[in-house]
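Input sequences plus hints: build the corresponding full structure.
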Amino acid sequence: DTAVSQTPKYLVTQMGNDKSIKCEQNLGHDTMYWYKQDSKKFLKIMFSYNNKELIINETVPNRFSPKSPDKAHLNLHINSLELGDSAVYFCASSQGASGGYTFGSGTRLTVV
Amino acid sequence: AQSVTQPDIHITVSEGASLELRCNYSYGATPYLFWYVQSPGQGLQLLLKYFSGDTLVQGIKGFEAEFKRSQSSFNLRKPSVHWSDAAEYFCAVGGRRSSASKIIFGSGTRLSIRP
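Quick mapping for you: the protein sequence lines, in order, are chains R and V.
Heads up: the first sequence begins at 139 in our numbering, then just goes up one per residue.
Heads up: the second sequence begins at 1421 in our numbering, then just goes up one per residue.
Derived by calculation from the structure, the hints in this document are not laboratory data.
Fair warning: this is a prediction, and the values are worked out from it, not measured in the lab.
Keep in mind that a hint or two might mislead.
To be verified - Each pair of labels, with its calculated beta carbon distance range: (1) R:Asn155 with V:His1502: 26 to 34 Å; (2) V:Ser1446 with R:Gly234: 20 to 28 Å; (3) R:Met153 with V:Asp1474: 50 to 58 Å; (4) R:Glu196 with V:Pro1499: 23 to 31 Å; (5) V:Lys1488 with R:Gly222: 33 to 41 Å.
Note that beta-carbon positions come from the ideal geometry of N, C-alpha and C, so glycine has one too.
Next up, the structure:
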């Protein structure tokens, strides 16, 4: 059983389209995150949800909208995709602050 | 503001040689500290973490790290590297508040292994 699973693994789409990435964790963790990893491997937090409540919302364009239907799921919807959105998006989960994160395997988004 | 610095962008070591990857952090109090490894095309895997107590922390795959408060460092070490250790390594720092906690990552160090 995959602890944190993301779908799809690869996503190629045209500029201007709307796309979603789904994430599910079966670890019983109370907090989930979205990170963006750029082409230089730099990881930057985007959002965090704790028990379905948004607790971290970094400086991210409002074209990005996270949704957490329950504490095991955190989806990321992106409107009007731009070339600069091309990156690898990682979902992660944790139980409190001390456990460290468990990461999904990432979704490589390519906007053409 | 919390931050993490990994001064080495790329390190190459010979197989069987020892390894030390450097990490310095900036944080107002004692943070949680982590090392993660990312193999090509993969997600990040937690190698080890420091919360409190013994400043020498043992992790998976034979890695260890030492927390030095006076130097604000958390360097990762391995006595003898294997070709399979070639990967990107990230040091990270996190706050101790359970809510609104987030982990800040360093820029990573790419490790290559010379046969």
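Each hint tested on the structure:
no.	hint	result
1	R:Asn155 with V:His1502: 26 to 34 Å	violated (43 Å)
2	V:Ser1446 with R:Gly234: 20 to 28 Å	holds (23 Å)
3	R:Met153 with V:Asp1474: 50 to 58 Å	holds (52 Å)
4	R:Glu196 with V:Pro1499: 23 to 31 Å	violated (38 Å)
5	V:Lys1488 with R:Gly222: 33 to 41 Å	holds (39 Å)
Hint check: violations occur at hints 1, 4; the rest are consistent with the structure.
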